[in-house]
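Quick mapping for you: the protein sequence lines, in order, are chains A and B. Going by our numbering, 6 is the number at position 18 of the first sequence; the sequence numbering is gapless. Quick note, our numbering runs 1346 ahead of the 1-based positions in the second sequence.
No lab work stands behind these hints, which were simulated from the structure alone. It should be emphasised that the depicted structure is a prediction, and the values quoted were computed from it without experimental measurement. Hints are supplied without guarantee of correctness; some may be wrong.
[As the list claims (entries may be wrong)] Think about it this way: if two alpha-carbon atoms lie no more than 25 Å apart in a straight line, the pair counts; the simulated DSS-like pairs of lysine-lysine are:
(1) A:K45 x B:K1440
(2) A:K66 x A:K(-1)
(3) A:K66 x B:K1388
(4) B:K1417 x B:K1440
(5) B:K1402 x B:K1414
(6) B:K1417 x B:K1402
(7) B:K1388 x A:K(-1)
As a plain string of letters, each chain reads:
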Amino acid sequence: GAGVSQSPRYKVAKRGQDVALRCDPISGHVSLFWYQQALGQGPEFLTYFQNEAQLDKSGLPSDRFFAERPEGSVSTLKIQRTQQEDSAVYLCASSPSGQGYNEQFFGPGTRLTVL
Amino acid sequence: GESVGLHLPTLSVQEGDNSIINCAYSNSASDYFIWYKQESGKGPQFIIDIRSNMDKRQGQRVTVLLNKTVKHLSLQIAATQPGDSAVYFCAELKAAGNKLTFGGGTRVLVKP
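If we strip away everything but chain B, and leave its shape as in the complex, we get (with noise of 0.2 Å):
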């Protein structure tokens, strides 16, 4: 099948350990922050979002930090599950225009 992304950085990681996706942005004038999921062959899906104003937001199994001295995001996954396995990038977002701005990829893998 196809491949997203043949030339990313790749973290391997063991299932039921956590993981942890870094993420530099570059816009301190982003409204918004979000991470996205892609599975070979599909587009981007939405994982979590954490508003400009905030540092920290938890979802089911994940965990967005936002440090904006440093303009650093991170996603912190959980007992990571092969069904964790994927492309994952982080991107930002200023409200009154609604394009988003993707970053560079991360590929996770995660071994039995």
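Bound conformation, chain A alone (with noise of 0.2 Å):
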């Protein structure tokens, strides 16, 4: 069946340019999450959504990173004036409910690069 999908897989920006990365969650799912992955670490949690509303946005950043999932179901990660800094993976993760522990179905990532 499907899973999470993410385009592209692969950005190269250069700094200063404003991306886009998209996330098509598992059809049905409630819940969709954005986490950073910088190499040789483990992923850090950027943004939650329940359906269309944006619950938690404490770990985004700085105020040039922003996420929409206007619909409830695609999601998109939008950062402006991008910086060397930013250069890191960027996962999505979704899952059936909005309520107590579910387990959370990853995508495959968009690995950025900014020069």
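The two chains are supplied separately, each in an independent frame; assemble them into the complex guided by the hints.
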């Protein structure tokens, strides 16, 4: 069956450019998460949606980072005026419910390289 | 291809032997602890979880042990196979918040 998909898989941006990363969660999944994974480290939480509502954005590193999920399915993570420290793999995960503990299913990630 | 972790601690194990991967966690208020496997170029894949009120849980070829006294979590893999070569992360979660907090990873290399 279809899992979580992300596009593009690889993105190279020049410093100062804006980028948009897309996540297609598993169909019907209520919760959607974005994580940032630097090389050699574990993923770090960025933000969480329940349907179209962004319930937690405490992990977004700066106001250059913005995420949306307008119809409660596909989500986009946008990074404005990219900096070299933004280089990382951006992972999206979805889970079936918005209540209690649910397994999170991860996509393959988008590797962003900022030159 | 991509490398998930170039500077991670590495566990080398002979094929067929048992592997033990350790993790120290920080938040004693976490409700669940989860082990993930991550292969190069892929996202983390769920292996097994354990609720905070348990101290042991077994799955297929894997066992997770939780020691809340010393805030320690371990993953045991029985009869390690080449397909087990990957980076392994522990993670903790509070059910109310739903966000995962990952620990540092361990690279497992299985030698044939």
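### Task
Give me the numbers of the hints this structure contradicts, sorted from smallest to largest.
Hints that this structure does not satisfy do not exist here, as all of them hold.
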